[in-house]
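Undergrad: First to last, the sequence lines map onto chains A and B.
FYI, the numbering for the first sequence is 1 to 361, going by the numbering used here.
FYI, the numbering for the second sequence is 1 to 307, going by the numbering used here.
Everything labelled a hint here was simulated from the structure, so no lab data went into it.
Errors might be hidden in some of the hints.
Computed from the model, here is a short list of chain B residues facing chain A with C-beta under 8 Å [as the list claims (entries may be wrong)]:
#1 17
#2 45
#3 181
#4 183
#5 189
With beta-carbon atoms standing in for the labels, derived distance ranges [as the list claims (entries may be wrong)]:
#6 B:210 with A:107: 40 to 50 Å
#7 A:120 with B:7: 27 to 37 Å
#8 B:283 with A:271: 46 to 56 Å
#9 B:139 with A:24: 49 to 59 Å
#10 A:31 with B:48: 34 to 44 Å
#11 A:24 with B:179: 28 to 38 Å
#12 B:128 with A:9: 52 to 62 Å
#13 A:231 with B:128: 37 to 47 Å
#14 B:7 with A:24: 30 to 40 Å
#15 A:107 with B:1: 29 to 39 Å
Cβ-to-Cβ under 10 Å is the rule here; a few derived chain B residues that face chain A [claimed, not checked]:
#16 13
#17 41
#18 46
#19 49
#20 151
#21 155
#22 157
#23 158
#24 160
#25 161
#26 177
#27 179
#28 180
#29 182
#30 185
#31 187
Note that the structure is a prediction, hence the values are computed from the model and not measured.
Note that beta-carbon positions come from the ideal geometry of N, C-alpha and C, so glycine has one too.
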Amino acid sequence: MSAATVPATLDLSGRGPLRATSAAVRHAAKAALDAGATHYTDRPGIAPLREAIAVHLAGQRGIAVRPETEVVVTCGLQEALFVALQVTLAGGGEALLPGPVPREDVELVRFAGGTPRVAEPTAELKTDPRAVAELAGPHSRALVLRSPNAAGCALGQSVLEELAAVVTEHDLALFAVEPLAELHLVDSTVPSMAALPGLAPRTITIGDFVADGLAGWRVGFLAGPEELVGPMRRLKQELSICSPAVSQHAALAAMRTGAAGRAAYREGLGLRATLLADALTQAGARGVVVPDAGAHLLVDGGGLRPDDPAILACGVRPGDGGEVGAPGFLRLSLDAEPAALSQAGALLGAVLASTQHEEAR
Amino acid sequence: MPVDRDEGVVITTGGQEGLFLVVQALLQPGDEVLVPDPGYPSYDTAIRIAGGEPVKVGTREEEAFDLDPAAVEAAITPRSRMLLLVSPGNPTAGTISPAHIRELARIARRHDLWVISDEIYEKLLYDDTEHLSIGSLPGMAERTITVNGFSKSYCMTGWRVGWVAGPVAVMREVARLKRLTSDAAPLVSQYAGIAALTGPQDVLVEYSAIYARRRRIVLDTLDRLGFSYGLPRGGFYVFLNGSSTGISAGELSLKLLREARVLIFPGTGFGPAWGDYMRLAWLAPEDRIAEAMARVEACLTSDKAPA
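Assemble the whole structure, with the sequences as input and the hints as a guide.
TA: What follows is the structure, given as structure tokens:
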């Protein structure tokens with residue numbers, strides 16, 4: 001492809017998922033505003049949304065929680081994770097973070113008063129329970145588990161069970177961070193940690209609605225046993241009083257009407273992941289990590305950073321895999337048109353092939 | 001108030017979160033924060049989470065709960081790091097006079113204190129009360145963080161959007177911590193905030209008139225019943241002294257709930273020293289305020305009626 005035919009930069013650096021909010025959800029949100037949903041809500045969240053979350057967790061993930069006392073609607077997943085960690089780690093202690101881990105999770109553990117212990121993933125960016133077990137010790141207080149992991153790799157049943165053993169052996173609090181649970185591209189039957197035998201009493205499940213295109217609405221949830229959730233609910237109230245009323249109504253509408261949309265989005269991501277992976281591979285790139293879930297694909301950067309002149313010159317703008325605990329990898333958003341992804345894969349793949357070949361020599 | 005356009009403001013998920021983040025950004029374990037008493041409980045929580053210690057500076061009903069600079073300076077120790085100003089205040093609805101604001105600025109400079117100025121009620125003022133932002137005074141922009149929002153002035157409590165403004169170095173740390181605690185503020189709420197600030201402002205005049213009428217109903221009733229209170233100069237509360245009833249505010253609150261079906265918070269929710277006080281808010285529509293006060297009056301008057 002000649003320089004004359006290279007289009008304007010193909011920006012695949014989005015942190016995403018970047019799915020747009022559906023018309024149905026937007027209309028429901030507007031209707032809620034027109035009906036007066038502009039005031040503080042019940043502090044843990046509007047009852048219908050908490051009920052919908054509880055029903056969803058029970059039906060889809062095998063997690064039983066009472067909506068009245070065991071579900072809190074938060075200002076996004078990040079607030080849920082912050083209050084959970086702050087309550088648990090304020091007195092110190094170590095938090096085990098199975099890699100790959102977003103940089104922000106490490107920062108957040110420190111901010112909450114804990115000491116982060118990051119377990120290295122495998123070379124293929126899969127979660128390694130043995131690495132986690134090696135880090136666990138007398139100062140360990142919590143395990144913060146992203147499932148799928150930050151690279152989009154699913155944690156299979158055996159990995160979850162090994163991690164469950166670490167949790168119970170060391171009497172850890174478990175934070176099951178599952179924002180991509182709705183975006184499994186291959187197998188949507190991966191269990192939630194809280195559903196594994198014996199883990200429910202010590203597990204807080206954390207999620208959000210980004211799969212429904214609500215990333216900018218800032219609404220998420222945490223759910224778990226009342227004795228754990230209670231202090232988190234109180235801290236959340238001290239921090240932000242309640243979650244945005246309009247966003248809660250949007251989330252409720254998404255839960256009630258969004259199944260078909262989520263399925264279509266998921267299918268689209270799967271197709272685009274395959275498309276991009278094939279384009280990269282055919283161009284000669286190695287180290288392509290095809291995601292099991294989520295809206296990103298990672299590829300070995302061959303020593304190149306996202307802002308490297310060689311990358312910029314090819315017309316593709318990738319994200320930094322280091323942000324999700326995969327340093328040295330480039331992170332590519334799948335929220336782009338298929339044609340753009342094919343083109344990006346070919347352009348970037350050629351650059352990486354050359355660089356990776358040089359590295360191998 | 002000079003603020004860097006690009007990095008001097010952080011949009012937060014409500015003003016309360018903003019104050020929390022500023023405290024976390026500036027305090028070190030062991031630092032003391034001078035806090036008006038009575039005060040909103042969440043301030044203490046934020047300070048303690050940061051490892052700091054709230055040092056209460058009492059305010060007085062007789063002074064309409066204005067903050068006395070001499071009392072502030074008397075409470076300063078070598079560990080004092082920050083002064084928290086809330087004007088108009090919650091629960092007292094007291095305001096800090098411009099003269100006191102200027103003196104507090106001098107104190108802050110003299111003792112090298114940070115100042116957090118919570119001005120969430122700044123637009124709700126009565127009786128020609130003047131609001132002066134301490135961050136606008138000479139030498140104060142570099143040590144003042146102003147916290148504000150849309151909830152109270154524009155009736156946007158459910159949108160959860162506010163802001164903090166201050167020196168760039170502080171705002172960068174606030175922005176970093178904001179990313180960790182809840183990431184960006186809701187996008188739809190941010191656009192609603194733009195509409196509130198840049199659209200017609202006559203709603204502020206309308207709301208002020210509404211709150212003034214309700215305030216009048218409440219204060220007239222309290223006067224007839226012989227309650228004393230700090231004159232509320234801003235916000236939508238009155239912090240009334242219930243000691244004339246001979247029972248504690250907690251007991252009075254329960255009595256009014258049971259017998260008059262009117263809920264008024266006892267003052268102990270805002271500090272242990274305020275057991276005689278109650279915070280009454282006029283957030284309900286005028287007719288409900290009038291009915292509530294009529295019930296309160298009937299309840300308390302019947303106690304005094306001859307058998």
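Undergrad: Hint by hint, note whether the structure agrees.
TA: These are the hints, each one checked on the structure:
1. 17: With a closest approach of 5 Å, the residue 17 (chain B) hint holds.
2. 45: OK, holds: residue 45 (chain B) within 8 Å of chain A, min 5 Å.
3. 181: 5 Å, holds
4. 183: Holds, because the Cβ-Cβ distance from residue 183 (chain B) to chain A comes to roughly 4 Å (cut-off 8 Å).
5. 189: 6 Å, holds
6. B:210 with A:107: 40 to 50 Å: This hint holds: roughly 45 Å between Cβ atoms.
7. A:120 with B:7: 27 to 37 Å: 36 Å, holds
8. B:283 with A:271: 46 to 56 Å: Once the Cβ atoms are compared, 52 Å apart, the range 46 to 56 Å for residue 271 (chain A) and residue 283 (chain B) holds.
9. B:139 with A:24: 49 to 59 Å: The hint (49 to 59 Å, Cβ to Cβ) holds, given that residue 139 (chain B) and residue 24 (chain A) are roughly 54 Å apart.
10. A:31 with B:48: 34 to 44 Å: 41 Å, holds
11. A:24 with B:179: 28 to 38 Å: 30 Å, holds
12. B:128 with A:9: 52 to 62 Å: The hint (52 to 62 Å, Cβ to Cβ) holds, given that residue 128 (chain B) and residue 9 (chain A) are roughly 57 Å apart.
13. A:231 with B:128: 37 to 47 Å: Cβ of residue 231 (chain A) to Cβ of residue 128 (chain B): about 45 Å, so the range 37 to 47 Å holds.
14. B:7 with A:24: 30 to 40 Å: For residue 24 (chain A) against residue 7 (chain B), whose Cβ atoms are near 38 Å apart, the range 30 to 40 Å holds.
15. A:107 with B:1: 29 to 39 Å: At roughly 31 Å between Cβ atoms, residue 1 (chain B) and residue 107 (chain A) fall inside 29 to 39 Å, so the hint holds.
16. 13: Holds, about 5 Å.
17. 41: 8 Å, holds
18. 46: With Cβ-Cβ at 7 Å, under 10 Å, it holds.
19. 49: Nearest chain A Cβ about 7 Å off; hint holds.
20. 151: 8 Å, holds
21. 155: At about 7 Å, which falls below the 10 Å cut-off, the nearest Cβ of chain A leaves the hint on residue 155 (chain B) intact, so it holds.
22. 157: At 5 Å from the nearest chain A Cβ, residue 157 (chain B) passes the 10 Å test, so the hint holds.
23. 158: Since the shortest Cβ distance to chain A is 3 Å, the answer is holds.
24. 160: 4 Å, holds
25. 161: Residue 161 (chain B) check passes; min Cβ-Cβ to chain A is 8 Å, inside 10 Å.
26. 177: Because about 7 Å separates residue 177 (chain B) from the closest Cβ in chain A, which is inside the 10 Å limit, the hint holds.
27. 179: 7 Å, holds
28. 180: 5 Å, holds
29. 182: 4 Å, holds
30. 185: Hint holds; residue 185 (chain B) Cβ to chain A Cβ min 7 Å, cut 10 Å.
31. 187: 4 Å, holds
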